[in-house]
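Here the protein sequences come in this chain order: A and B.
So the first sequence is numbered by this note's numbering: it starts at 206 and just counts up by one.
So the second sequence is numbered by this note's numbering: it starts at 206 and just counts up by one.
Read the hints as simulated data drawn from the structure, not as lab findings.
Nothing here was measured: the structure is a model prediction, and the numbers come from that model.
Among these hints, one or two may not hold up.
Remember, identical chains collapse to one label, so a pair may be satisfied in a single copy or spanning two.
In silico lysine-lysine, DSS-like type, Cα no more than 27 angstroms apart, as pairs [said to hold, decoys possible]:
1) Lys-310 x Lys-225
2) Lys-210 x Lys-225
3) Lys-385 x Lys-306
4) Lys-210 x Lys-239
5) Lys-385 x Lys-225
6) Lys-330 x Lys-239
7) Lys-225 x Lys-330
8) Lys-385 x Lys-410
9) Lys-410 x Lys-210
10) Lys-239 x Lys-306
11) Lys-335 x Lys-225
12) Lys-330 x Lys-385
13) Lys-330 x Lys-410
14) Lys-385 x Lys-310
15) Lys-410 x Lys-335
16) Lys-410 x Lys-310
17) Lys-225 x Lys-306
18) Lys-210 x Lys-385
19) Lys-239 x Lys-335
20) Lys-310 x Lys-335
2 protein chains.
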Amino acid sequence: MLADKPTDIPRARTDGSPLKPINEVLLERRATNKFTDEEVPAEVLDAVLRLGAQAPSGYNFQPWRFVVVRDAENRRRLQQVAFNQPKVAQAPVVVIAVGMKEEWKETADEVLREGAQRGAGNPDKVEQAKQGAVQFISGMDTALWVNRHTMIAVTAMMLVAESYGYDTAPMEGFDAAGVKREFAIPEEGEVVCLLAIGRAAEPDKPYTGRFPLERIVFAERFGEPWRDK
Amino acid sequence: MLADKPTDIPRARTDGSPLKPINEVLLERRATNKFTDEEVPAEVLDAVLRLGAQAPSGYNFQPWRFVVVRDAENRRRLQQVAFNQPKVAQAPVVVIAVGMKEEWKETADEVLREGAQRGAGNPDKVEQAKQGAVQFISGMDTALWVNRHTMIAVTAMMLVAESYGYDTAPMEGFDAAGVKREFAIPEEGEVVCLLAIGRAAEPDKPYTGRFPLERIVFAERFGEPWRDK
Chain A
206 MLADKPTDIP
216 RARTDGSPLK
226 PINEVLLERR
236 ATNKFTDEEV
246 PAEVLDAVLR
256 LGAQAPSGYN
266 FQPWRFVVVR
276 DAENRRRLQQ
286 VAFNQPKVAQ
296 APVVVIAVGM
306 KEEWKETADE
316 VLREGAQRGA
326 GNPDKVEQAK
336 QGAVQFISGM
346 DTALWVNRHT
356 MIAVTAMMLV
366 AESYGYDTAP
376 MEGFDAAGVK
386 REFAIPEEGE
396 VVCLLAIGRA
406 AEPDKPYTGR
416 FPLERIVFAE
426 RFGEPWRDK
Chain B
206 MLADKPTDIP
216 RARTDGSPLK
226 PINEVLLERR
236 ATNKFTDEEV
246 PAEVLDAVLR
256 LGAQAPSGYN
266 FQPWRFVVVR
276 DAENRRRLQQ
286 VAFNQPKVAQ
296 APVVVIAVGM
306 KEEWKETADE
316 VLREGAQRGA
326 GNPDKVEQAK
336 QGAVQFISGM
346 DTALWVNRHT
356 MIAVTAMMLV
366 AESYGYDTAP
376 MEGFDAAGVK
386 REFAIPEEGE
396 VVCLLAIGRA
406 AEPDKPYTGR
416 FPLERIVFAE
426 RFGEPWRDK
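One chain only, chain A, in its complex shape:
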């Protein structure tokens, strides 16, 4: 059974102030290097996970899984397979984001059937839709496919945590095989990202600049200058 939309997500920060708008989040967010030991309240972590789980995925297959590491001993274990970065053990919460390359084949039928029952798709053509989906996804590099999808959900989680006023650090510095071994992640799992969540212990790192749009955005065709404003 799939779940209905959550209805009890907090609409404000824990101190009652409004969520930080996404423009401020994206402009003010910096990757946090040092965290305090202040815990992330259960309702905030729950909102981060449940809102992240609302991310879109192809065929609604949701090939993402998340291991939430909060125990101090486990965070030290994670640190050891994450190039010994101190923030991994410091942050009160580190989410290990995993993409599953195979499991979606087993849940496809359920997801498509329930989607059809909820009004998306023809209940009589679930088997046909499933065959099309399996053929389409199997034609891609499934490691790429689950990485892409999992990053949608992780990005949503990061932005949600920041909207609730918490600090985050997305990390790609880890030994995937070590993380899999230490946290019992199945062979088919791709360790995509670590996301630390907590409170920064010191002022943010300086803003390091971004390529101006002219260098990364093109009009109509790759290489054609973008000059919209």
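Add chain B to chain A, keeping to what the hints say.
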């Protein structure tokens, strides 16, 4: 030269109403199947692109590029290499998100040097930092690496567009070789995602449900039940 933080991003929707908070965006967003021909205002598209460009990336290398397709003829051309999905030609804006597997090596020096000048890192150790970064990234599957990164920026763009009150459709249904050929994307480019932006022409598709957290979130160790609330 990298750019400073943009300071003139609109803080409200074009009608003056506040941006939609991220909790509402994530709960209400549905992939749009039919778009009207109403254009996306230049200031909204600019905000989507500039805020998306603020996404984090490893070493701040920003290996993402975006081709913004608005010309009707080009949208039809894109539709033809996107499994003929009508929404590709209908939506007033379709962003082709591309991850570049090689270009970051050429810009690494500039990015790290300017980062150090802005206070992140030691200006005397840029060459050393660059060697470490090149070694680290080259040790990964760079196709995976740029796919992950590009999805952070695309996800941010999608959520920003929705915050400004527009509708979106992220798409993975395309022939990557065809998209590259038709839009002059270099050999090293990975076509990661298409993002259509505009106004929905009909009510949203029904909500198809999501796996409950118990099925996708684990406590401390993969497979260990999550029961936080």
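Outcome of the hint check:
1. Lys-310 x Lys-225: neither (38 angstroms within a copy, 35 angstroms between copies)
2. Lys-210 x Lys-225: Result: close both inside a copy and across copies, 22 angstroms intra and 18 angstroms inter.
3. Lys-385 x Lys-306: Both. Shortest intra-copy (14 angstroms) and inter-copy (26 angstroms) distances satisfy the 27 angstroms Cα cut-off.
4. Lys-210 x Lys-239: between (35 angstroms within a copy, 23 angstroms between copies)
5. Lys-385 x Lys-225: Answer is neither; intra-copy 34 angstroms and inter-copy 38 angstroms both fail.
6. Lys-330 x Lys-239: Result: close only across copies, 22 angstroms inter versus 52 angstroms intra.
7. Lys-225 x Lys-330: For Lys-225 and Lys-330, the Cα distance exceeds 27 angstroms both inside one copy (43 angstroms) and across copies (36 angstroms).
8. Lys-385 x Lys-410: neither (30 angstroms within a copy, 37 angstroms between copies)
9. Lys-410 x Lys-210: between (37 angstroms within a copy, 14 angstroms between copies)
10. Lys-239 x Lys-306: Classified as neither; 33 angstroms inside a copy, 31 angstroms across copies.
11. Lys-335 x Lys-225: The answer is neither: 40 angstroms in one copy and 35 angstroms across copies each exceed 27 angstroms.
12. Lys-330 x Lys-385: Answer is neither: 38 angstroms inside a copy and 33 angstroms across each miss the 27 angstroms cutoff.
13. Lys-330 x Lys-410: between (53 angstroms within a copy, 17 angstroms between copies)
14. Lys-385 x Lys-310: Classified as within: same-chain Cα gap 21 angstroms, cross-chain 29 angstroms, threshold 27 angstroms.
15. Lys-410 x Lys-335: between (47 angstroms within a copy, 19 angstroms between copies)
16. Lys-410 x Lys-310: This pair counts as between: shortest inter-copy Cα distance 24 angstroms, intra-copy 43 angstroms.
17. Lys-225 x Lys-306: Cα proximity of Lys-225 and Lys-306: none, with 35 angstroms in one copy and 34 angstroms across.
18. Lys-210 x Lys-385: neither (31 angstroms within a copy, 38 angstroms between copies)
19. Lys-239 x Lys-335: between (46 angstroms within a copy, 23 angstroms between copies)
20. Lys-310 x Lys-335: within (9 angstroms within a copy, 41 angstroms between copies)
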